[in-house]
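A.B. asks: Letter by letter, the chains look like this.
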Amino acid sequence: MATLVLDRISKSFGRIQALKKVSFECNEGEFVVIVGPSGAGKTTTLNCIAGIEYPDSGSIYIDGHDVTMMAPQDRNIAMVFESYALYPQFTVRDNLAFPLRSPRYCLPESEIESRVSKVAKLLGIDMLLDRLPRQLSQGQRQRVSFGRALVRDPKVFLFDEPISHLDAKLRNAMRRELKRMRASLRQTTVYVTHDYLEALSLADRVAVLFRGEVLQFDATKLVYNQPATVEVGQVFGNPPMMFFEGRIDAAGQFVPEGANFALKTGPSSCALLNAGQEVILGLRPTDVKLANPDQGQVQGEVYSVQNQFDRQLVTVKVDGHLFDVVTPSAMSIAEGDKIGVSIAPEVCYFFDRATHKAL
Amino acid sequence: MAQVVLQDVHKNYGASEDAVKGVSFTCRDGEFLVLLGPSGCGKTTTLRMIAGLESITSGTIMIGNRVVNKLTPQQRNVAMAFETYALYPPLTVYENIAFPLRVMKRSPQEIDRRVHEVAEALSIADILTMRPDELAGGQKQRVSLARALVREPAVFLMDEPLSHVDADVRYRARAEIKHIKVTSGATVIYVTHDQIEAVALADRVVVMDQGVVQQIGTPTELYYKPANLFVAGFIGEPPTNVLHGRLELPDGQVQFVWADGAGATLSFPADRIPSAALTALRPYYGRNVIVGIRPQRLVMRPPATGEAGGVLAGRLLVHEFLGNEGIAQVEVEGNVLECVTEPDVPFVAGDPVSLWVGFQDVLFFDPATTRRVEY
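So the protein lines, in turn, are chains P and D.
Okay, so the first sequence: first residue is 1 according to the working numbering, each after it adds one.
Okay, so the second sequence: first residue is 1 according to the working numbering, each after it adds one.
The set of hints was computed from the structure by calculation and includes no laboratory data.
Label pairs and their in silico Cβ distance ranges: (1) Lys20/P with Val169/D: 24 to 30 Å; (2) Asp344/D with Phe90/P: 42 to 48 Å; (3) Ala125/D with Met69/P: 51 to 57 Å; (4) Ala262/D with Met69/P: 54 to 60 Å; (5) Glu245/P with Ala313/D: 50 to 56 Å.
Cβ coordinates follow ideal geometry from the N, Cα and C atoms, glycine included.
I would like the entire structure built from these sequences, with the hints used as guidance.
C.D. replies: Have a look at this one:
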């Protein structure tokens, strides 16, 4: 177990600046998730930590030692890729022992045996040691591949989208499996994904990466509940946060651009907002509610209704703007219905229109 | 627009087993029907047989009141939007969409009007002058969709048309498809492996597995009244918790004794259970039965103190914060049950908890047939 620090890492590929002064740290045993859209620089960051790439500037420290320019094999880092990159002809035992049999370590068989059984017990796969990978469930395979990284006793674990190639159903199941596994192991870990659910579920802290920049590095619940920028708000939630560009009028109300409706802002946000200020309003579909046609802050017509099992996603067209509202499925609603949308002042997120930063 | 009827349709590719084994369903005039199942279940083969792109080994397919078994795709008047876009690279988006209408020799005014209508509806009006190689995957898919919609055919067939659309805008693309469907009254048969997409769009869903129809129903029916264990596991996220055990009938109680759960018991007072349920469950008293409980229907509470009813005592393993909700994994006698919760819960890993369920949310399945006991 170790600490990991990234201090203002920059990296360019030709004219493209992939990383711009990326900084974050991972305490001993902490699980940090880097989340962001594709092309944000997530994998480049991971590669710099692993030593597969070298940054142009900035430093990386493991346990206080500068490893920035060190060769990958000298860093004692384990990288876990897709969940089942196992040798099909080897038993679980031999798959786990494989990294230890490398001439690098020169370990006696008894030592290998004892490390394998220790890791197998820790991961709850000790009764599977004589099976072949094809005789395992997906979740068991994932544990074995994780175990194979673990036997080397690395200082830092790196995960590069280990489950994103799976279909949604399996990915969710694997995420819950990882969550359980991680609860019993306290390893210093950096995990890269574009799936916000993995970030929220697994991380102690989340680094949101966007166009090579860390926009927010905070505890998991903070990045969801207090997004620092428009882009951070966009990453978390499905359907994602809705954004409306507009300004604050003389009465302290929010008026979206090109629309003739206004939204009251709460007393708490009033202090922060000035008349005439250009802002972006962010709303989560799970925070707004449907109301009777003559009630709510805005009124419109139901554009579409999507069933979501015990919920439904209702899209309401208000003066050319689409509002997404998640409601219980018990409500009977049909396309074309006149309806109101109620938006409580406390669910409004306001961002500066120019800088996209939270107000 | 027309209805589509499949009667006992089979497809054999030469293997000993049929790829599609006697599929029957009716897609009503103006209905949005989704064929849903895991890969290899026969859903795409079924769609291609309706389109006329695959021959039918046996059975009957009718579009309108016409048997179309022997008709060419053109004669069937169906429009198909594929996963792969198959756009004409040298033509602009406008010309790609207009193409089917030019083939049908419509007037230039009508073509122009229709292309703009459809482009507007799919939010691609601003890219009409671009060529396919200048477009993103999601845009290409919409253009392909627009080209299918512009013809106003008897039936639309769609094979995973949104699979290349980015996840974060897919909900919006679904809203558009749904909106177009409702306003146009089109008959649509739509194939997907994604249950979220299926229930979001469908009037009714045909769930298929291994070439066989497992259930035909509205999204609500599939969720609350799954026909069998396969549907219960496939539909819903996280999947249904499955418990194997026995049904007992001690004094005034209906009890489920969970065999794998070291005999943990769910008890319900018989006088509070609808008589239809008691009658339907009678054959299972004293015998094995499988119970399914949706994670959304399990309620996590502090440890019960002598509380009777549908309560299981367990220990919280982990809780996931997922933004607008949470998922708890609770260990009960060596098993893991999943339970959907509020985003934040007043428990930490390791805490003793109880899981509570109402009788109306317990699904019973026959262990021999895996069919749900209906009442």
